[in-house]
Every structure is written in structure tokens, then in C-alpha cells.
Amino acid sequence: MRSLPSDEEHLGIQHDRLNTIGSQYYSLSHIHLYLQNDNTGLIKNWLMKILKILWPDKISKED
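All letters in the sequence shown, in the order written, are residues 222 to 284 by my numbering.
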């Protein structure tokens, strides 16, 4: 039978989760800023290529 994590362990787990969520949000906001300043459309094209590779069924071919 597994024992319950101690308070310190529990706080560590919560802290790791918050760090992960924070870094994901941080990188998304950075991508948003890059796209706002993307005058030539290069970054958008690059991002769409990556998304098509990751989720080919979700991203339409017309984009």
C-alpha cells in the first residue's frame, strides 16, 4: 500500500506542476508576441508547418 506524500513532497509536486504550466504559458505568450511583430509572415509559415506535422488531421491544407 502506498503511503501518502508528506507535506514537503506534496508542495514539491504542486510547485513542479505550477512551473510546467507557467513555462507553457510563457512560451505561448512569446509566440504570440513574435506573431504580432511578424511583418513578413515567415514565423507564421514556420509555425503552420510545425503544426501540420504535429496534427495533420487538425490543420487544414488551405492555411
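Do not take every clue at face value.
Unchecked claim - With a straight-line cut-off of 25 Å between C-alpha atoms, the simulated SDA-like cross-links for lysine to any residue are:
id : residue 1 : residue 2
1  : Lys265    : Leu275
2  : Lys279    : Gly262
3  : Lys273    : Leu263
4  : Lys265    : Trp276
5  : Lys279    : Gln257
6  : Lys273    : Ser250
7  : Lys279    : Met269
8  : Lys273    : Asn258
9  : Lys279    : Leu256
10 : Lys265    : Tyr255
11 : Lys273    : Asn260
12 : Lys279    : Ser250
13 : Lys279    : Tyr255
14 : Lys265    : Lys279
15 : Lys279    : His253
16 : Lys270    : His253
17 : Lys270    : Asp259
18 : Lys279    : Asp259
19 : Lys265    : His253
20 : Lys265    : Pro277
21 : Lys273    : Asp259
Claimed, not checked - DEER-style ranges, computed between Cβ atoms:
id : residue 1 : residue 2 : range
22 : Lys270    : Ser250    : 17 to 23 Å
23 : Lys279    : Tyr255    : 29 to 35 Å
24 : His253    : Lys273    : 24 to 30 Å
25 : Asp278    : Gln257    : 25 to 31 Å
26 : Asn258    : Asp278    : 16 to 22 Å
27 : Leu256    : Pro277    : 28 to 34 Å
28 : Asp278    : Leu254    : 25 to 31 Å
29 : Trp276    : His253    : 27 to 33 Å
30 : His251    : Leu275    : 16 to 22 Å
31 : Leu254    : Leu275    : 26 to 32 Å
32 : Leu256    : Lys279    : 15 to 21 Å
33 : Trp276    : His251    : 18 to 24 Å
34 : His253    : Lys279    : 26 to 32 Å
35 : His253    : Leu275    : 16 to 22 Å
No lab work stands behind these hints: they were computed from the structure. As the structure is a computational prediction, the values presented were derived from the model and not from experiment. Every residue gets a Cβ at the ideal spot worked out from N, C-alpha and C, and that includes glycine.
Item to check | Violations among the numbered hints, reported as their numbers in ascending order | outcome: 23, 24, 26, 27, 29, 31, 34
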